[in-house]
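Here the protein sequences line up with chains A and B, keeping their order.
Going by my numbering, the first sequence opens with residue 1, and the numbers climb by one from there.
Going by my numbering, the second sequence opens with residue 1001, and the numbers climb by one from there.
For the record, the hints were derived by calculation from the structure and aren't laboratory data.
Quick caveat: nothing in here was measured; it's all calculated off a predicted structure.
Treat the hints loosely; a few may be bogus.
The list that follows gives simulated cross-link-like pairs (lysine to any residue, SDA-like), each with its CA atoms no further than 20 Å apart [unchecked claim]:
#	chain 1	residue 1	chain 2	residue 2
1	B	Lys1050	A	Gly537
2	A	Lys527	B	Asp1095
3	B	Lys1076	A	Arg767
4	A	Lys527	B	Gly1057
5	A	Lys527	B	Gly1063
6	A	Lys530	B	Asp1095
7	B	Lys1050	A	Glu356
8	A	Lys527	B	Glu1121
9	A	Lys527	B	Ile1153
10	B	Lys1050	A	Gly433
11	A	Lys417	B	Asp1094
12	A	Lys186	B	Gly1063
13	A	Lys343	A	Glu356
14	A	Lys78	A	Pro32
15	B	Lys1050	A	Arg545
16	B	Lys1050	A	Asp551
17	A	Lys527	B	Asp1094
18	B	Lys1050	A	Gly560
19	B	Lys1050	A	Leu525
20	A	Lys527	B	Asp1129
21	A	Lys530	B	Ala1097
22	A	Lys802	B	Glu1121
23	A	Lys186	B	Gln1037
24	A	Lys802	B	Asp1129
25	B	Lys1050	A	Thr533
26	B	Lys1050	A	Gly554
27	A	Lys527	B	Pro1052
28	A	Lys186	B	Asp1095
29	B	Lys1076	A	Leu525
30	B	Lys1050	A	Glu557
31	A	Lys530	B	Glu1121
32	B	Lys1050	A	Ile549
33	A	Lys527	B	Gln1037
34	A	Lys530	B	Gly1063
35	A	Lys307	A	Glu356
36	A	Lys417	B	Gly1063
37	B	Lys1050	A	Gln518
38	A	Lys186	B	Leu1061
The lines below spell out each chain.
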Amino acid sequence: MQDQDVIREFLVESHENLSRLDQELVVLEKQPEDAALLASVFRTIHTIKGTCGFFAFSTLERISHEAETLLSQLRDGKRKLTPSLISLILETVDATRTVLASIEANGEEGPDRFEELAGRLRQAAQLPADVESQTSSDLALAPLTKIQGEGSSSNIPEDVKPEKNSAKPSAAADANIRVGVGLLDKLMDLVGELVLTRNQILQFNTEREDAALNATSQRLNLITSELQEGVMKTRMQPIGVVWNSLPRVVRDMAVSLGKQIELEMDGADTELDRTIIEAIKDPLVHLVRNSCDHGIEPPEVRTQGGKPAQGRLTLRAYHEGGQVNIEIGDDGAGIDGARVKQKAVEKGLLRPEQVEKLSDREVLNLIFLPGFSTAQTVTNVSGRGVGMDVVKSNIEKIGGIVDVFSRPGEGTTVKLKIPLTLAIIPGLVITSGGEQFVIPQVSLLELVRLEADSAEKRIEHVHGTPVYRRRGSLLPVAYLNEVLGLQSSDRADAVSVVVLQAEDRQFGLVVDGINDTQEIVVKPLGKQLKGLTVYAGATIMGDGRVALILDVLGIGESAGVLTESREQSRAAAEQKPQAGIEQQRLLLFRTGSFGRLAVPLSLVARLEEFPRSSIEHAGGRHVVQYRNRILPLVPLRAVLEPESPDQDQASDPVQVVVFNDGDRSLGVVVDQILDVAEETVTIRQKSSRKGLLGSGVVGKRVTDFLDLNQIIHASTEAWFQGVGGAASGKNILVAEASAFSRGLIRSGLEMEGYRVREVANLDEAVRGLEQQSPDVVVAALDLPPNGGVALLEAMRGRPEWKRIPVLALADSTGQAQLSVAQTKGFQDCQAKFKREAMLESVARLASAPASDEMELVCVGEEK
Amino acid sequence: MASDIETRKSEFMQTSGQFSTFFVADLFFGVDVHSVQEVLRFQQMSHVPKAPEVIEGLINLRGQIVTAIDMRRRLKLPPRAGEQMPTNMVVRTDDGAVSLLVDEIGDVLDVDAAAYERPPENLDPAARDLIRGVYKLKDRLLLVLDTERTADITVGSVA
Chain A
1 MQDQDVIREF LVESHENLSR LDQELVVLEK QPEDAALLAS VFRTIHTIKG
51 TCGFFAFSTL ERISHEAETL LSQLRDGKRK LTPSLISLIL ETVDATRTVL
101 ASIEANGEEG PDRFEELAGR LRQAAQLPAD VESQTSSDLA LAPLTKIQGE
151 GSSSNIPEDV KPEKNSAKPS AAADANIRVG VGLLDKLMDL VGELVLTRNQ
201 ILQFNTERED AALNATSQRL NLITSELQEG VMKTRMQPIG VVWNSLPRVV
251 RDMAVSLGKQ IELEMDGADT ELDRTIIEAI KDPLVHLVRN SCDHGIEPPE
301 VRTQGGKPAQ GRLTLRAYHE GGQVNIEIGD DGAGIDGARV KQKAVEKGLL
351 RPEQVEKLSD REVLNLIFLP GFSTAQTVTN VSGRGVGMDV VKSNIEKIGG
401 IVDVFSRPGE GTTVKLKIPL TLAIIPGLVI TSGGEQFVIP QVSLLELVRL
451 EADSAEKRIE HVHGTPVYRR RGSLLPVAYL NEVLGLQSSD RADAVSVVVL
501 QAEDRQFGLV VDGINDTQEI VVKPLGKQLK GLTVYAGATI MGDGRVALIL
551 DVLGIGESAG VLTESREQSR AAAEQKPQAG IEQQRLLLFR TGSFGRLAVP
601 LSLVARLEEF PRSSIEHAGG RHVVQYRNRI LPLVPLRAVL EPESPDQDQA
651 SDPVQVVVFN DGDRSLGVVV DQILDVAEET VTIRQKSSRK GLLGSGVVGK
701 RVTDFLDLNQ IIHASTEAWF QGVGGAASGK NILVAEASAF SRGLIRSGLE
751 MEGYRVREVA NLDEAVRGLE QQSPDVVVAA LDLPPNGGVA LLEAMRGRPE
801 WKRIPVLALA DSTGQAQLSV AQTKGFQDCQ AKFKREAMLE SVARLASAPA
851 SDEMELVCVG EEK
Chain B
1001 MASDIETRKS EFMQTSGQFS TFFVADLFFG VDVHSVQEVL RFQQMSHVPK
1051 APEVIEGLIN LRGQIVTAID MRRRLKLPPR AGEQMPTNMV VRTDDGAVSL
1101 LVDEIGDVLD VDAAAYERPP ENLDPAARDL IRGVYKLKDR LLLVLDTERT
1151 ADITVGSVA
């Protein structure tokens, strides 16, 4: 137990050291002569090395040792610091992070030993100094990034500056202590509670005429407010905490893209609640990468356009009206409205005539649509069609707003407006079916009251669906009491409609009464209620009663008023495309000798281009890395015309239509995307060719319809056979509490071609078993609530499950655990993270059905 | 390994020593006295629409929001008769406190580990899942309630 604490301490400290290293190294690149800075870098690496030795983390120790050797030569002046050396050391920092992450996750250093990196470090240290400086001066780039801070926003923490650093390093340490986040959260809870009690006392006070009570309660009021403010402040962190990593990001981007970028940061001391800081981290990094990649042009393009060769990226943060604004601006090419429109049409996101009606502002906002990317080429840095939509939804999740401003040729600025805290939010209190509920203010657009005589006239019905005419456009309407299954009150005199915004859709919610707005303290719901998507949490009202906070998105989905949501297109993808007469949008493309092929656009997840060079081979198949996953590619031509010889003569970049099947994706390679058509389709003739449904007339031309199901099915089967052979189709149930471990196990099994279902505890496991009997159950020995043994017992108690083999997963396979597992009646026991052994065991259990003797083995324990 | 030892330890703790007891219908239950946070008389609570019916509502326990589980419904027993008000027995679980609504609170009992037995096989499955074992006391049977399982009511996404 104590060891765990020490290691956690080590992790925290190392992460701090590493972020400091990132900054110091980037500064050092600018000022290679700065001996004090170099000494500080050396010391940091040395510290890491020392601690690793203590814990016997051999990989870490070795790479930090090699880096230290190199740095000591630099420090002693035996070698000159070059950009390539800096890159090497930065790589070491990254490697260290990877290993630390692995230690944090499972206590081990992970499989990658970074031999190659250590080798290069050693080599660099052995190279004669003059040779090194010569070779690298060839490669050396002009100063790539220049860091410029203004006022207090200086991005180099005080203690890094050389003179202070050597003088008195520990002054700050004495004035600060580390406090666990858990404790701060607890304090915040207590303050929330105190605020509520104070409210009650104040109310009590107004009902009485007591001078002493009056004075005391006023004082209580004052102190509570101050305390609330103080505790809120302890949870505040300067946004600089997130920004610290950005100079490094920009530098790396600049190097890999061959651009020159100056990063300017202003307002790094602007403070935000720590939960929010956490939430905006990824979106910020993404936006900065976007600006570097798509915004700022290469130096030669800039000079041609009359701009300085060095691009400028500006980050600003400042408070405004109880919110924090963050701006990410560049002086790059700006967003080309015409290209955006063209792209939106090409990707089938909008029809040409729709695009023409958009205002400039709306055109810019198109970049937030899912599946949109204007990058001409897909680089490895950004522009894979993920991105802006994710940024937007992440920011909106915390109640923020994203705006984009751009002028062609002058640059782009993305502006984020973020609330200061999530713990206490303004909310609208409403009643429905006699209960009070709270709607978060951020989702609220307007309140509408329809008087009795006009109510029936103005909430109208389209085919049974209630709608409201709101300034000329139809707003779908839901009744809250119907959504929640509450008693409807007599709709007597008036109807109150709350107009809400969920993601980018709006709907009206009819409630019985609207009370008032309040600052509410958000509290989480217990585990038992987490699964209810209609609630975002709960809060305590002034009278001490609990009120539920509505989740606007969940309500909308539950009421079915957010019909065209993304989820639904995914659901449609799982449905079988049907022949017959339908009005639908079709994606038209061409491949091989098939000049005109079509699939329903609703089934298409995305259209992508991949450079031919990014296609890799795995398990004898073509794959590309796509959105952090491996996307198998199916050349359509090979499926439709297996006899045709010249399979490989496709264009570069490769055109790929991405389909989702459940949570698997598949890329179908076609020769060319032609168009998107919307028509009534009549399939005239059935086809006997594999992979085709039949043919029909689209846009007055004969078009072949792809049988997507068959193609996905055929090729996924092949995909599995290529790798796992007999594994395909076998059904595995994985019961493990930790989502992280589950993910690991799942991916291991799926790579082998198993169909995997995950459950997190006993009840879910039993339910999972009831839904469908798996071929093998993989159960963690520490499965909540009572261990994997409980699952085993449950299974052995039911005749239909008796023969399903169960593999136990232990944290380690010490002899003790192994024998425990065997006496309990598991068929096998493996260590959680020994993937190979686990897969082997699953394969064995899946192929040989359990033998009869298993029925005997289950021995009771608990004596 | 450690977690395995922990569960064994907690099993041991729950199968001997002191128990807080309570009644649900004619059943006499006990939970480890250490797992009981407090006992409250019936509180006003907020109903949670769309929640599983075993969840009676939410109570405000000095600022902490606690889910109240009706033990009658959890055990698939008939509802309490007319005027009878249940009592809140707030127990700690791995996922925070939950309140069990029980008919009546009994004494804290010292029990002898030798009187322990696993629950009978023919017990109604609704109850068997939740009962760890039985102590054969002189005049009646004390059923050891598994609070973790009792609190484990997960809702799938409700459409």
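Status of each hint after checking the structure:
no.: 1; hint: B/Lys1050 - A/Gly537; in the structure: holds (14 Å)
no.: 2; hint: A/Lys527 - B/Asp1095; in the structure: holds (7 Å)
no.: 3; hint: B/Lys1076 - A/Arg767; in the structure: holds (18 Å)
no.: 4; hint: A/Lys527 - B/Gly1057; in the structure: holds (13 Å)
no.: 5; hint: A/Lys527 - B/Gly1063; in the structure: holds (17 Å)
no.: 6; hint: A/Lys530 - B/Asp1095; in the structure: holds (12 Å)
no.: 7; hint: B/Lys1050 - A/Glu356; in the structure: violated (45 Å)
no.: 8; hint: A/Lys527 - B/Glu1121; in the structure: violated (30 Å)
no.: 9; hint: A/Lys527 - B/Ile1153; in the structure: holds (8 Å)
no.: 10; hint: B/Lys1050 - A/Gly433; in the structure: holds (13 Å)
no.: 11; hint: A/Lys417 - B/Asp1094; in the structure: violated (37 Å)
no.: 12; hint: A/Lys186 - B/Gly1063; in the structure: holds (11 Å)
no.: 13; hint: A/Lys343 - A/Glu356; in the structure: holds (13 Å)
no.: 14; hint: A/Lys78 - A/Pro32; in the structure: holds (13 Å)
no.: 15; hint: B/Lys1050 - A/Arg545; in the structure: holds (19 Å)
no.: 16; hint: B/Lys1050 - A/Asp551; in the structure: holds (14 Å)
no.: 17; hint: A/Lys527 - B/Asp1094; in the structure: holds (10 Å)
no.: 18; hint: B/Lys1050 - A/Gly560; in the structure: holds (16 Å)
no.: 19; hint: B/Lys1050 - A/Leu525; in the structure: holds (14 Å)
no.: 20; hint: A/Lys527 - B/Asp1129; in the structure: holds (19 Å)
no.: 21; hint: A/Lys530 - B/Ala1097; in the structure: holds (15 Å)
no.: 22; hint: A/Lys802 - B/Glu1121; in the structure: holds (17 Å)
no.: 23; hint: A/Lys186 - B/Gln1037; in the structure: holds (18 Å)
no.: 24; hint: A/Lys802 - B/Asp1129; in the structure: holds (18 Å)
no.: 25; hint: B/Lys1050 - A/Thr533; in the structure: holds (10 Å)
no.: 26; hint: B/Lys1050 - A/Gly554; in the structure: holds (13 Å)
no.: 27; hint: A/Lys527 - B/Pro1052; in the structure: holds (13 Å)
no.: 28; hint: A/Lys186 - B/Asp1095; in the structure: holds (16 Å)
no.: 29; hint: B/Lys1076 - A/Leu525; in the structure: violated (24 Å)
no.: 30; hint: B/Lys1050 - A/Glu557; in the structure: holds (14 Å)
no.: 31; hint: A/Lys530 - B/Glu1121; in the structure: violated (33 Å)
no.: 32; hint: B/Lys1050 - A/Ile549; in the structure: holds (14 Å)
no.: 33; hint: A/Lys527 - B/Gln1037; in the structure: holds (18 Å)
no.: 34; hint: A/Lys530 - B/Gly1063; in the structure: holds (19 Å)
no.: 35; hint: A/Lys307 - A/Glu356; in the structure: violated (32 Å)
no.: 36; hint: A/Lys417 - B/Gly1063; in the structure: violated (31 Å)
no.: 37; hint: B/Lys1050 - A/Gln518; in the structure: violated (25 Å)
no.: 38; hint: A/Lys186 - B/Leu1061; in the structure: holds (15 Å)
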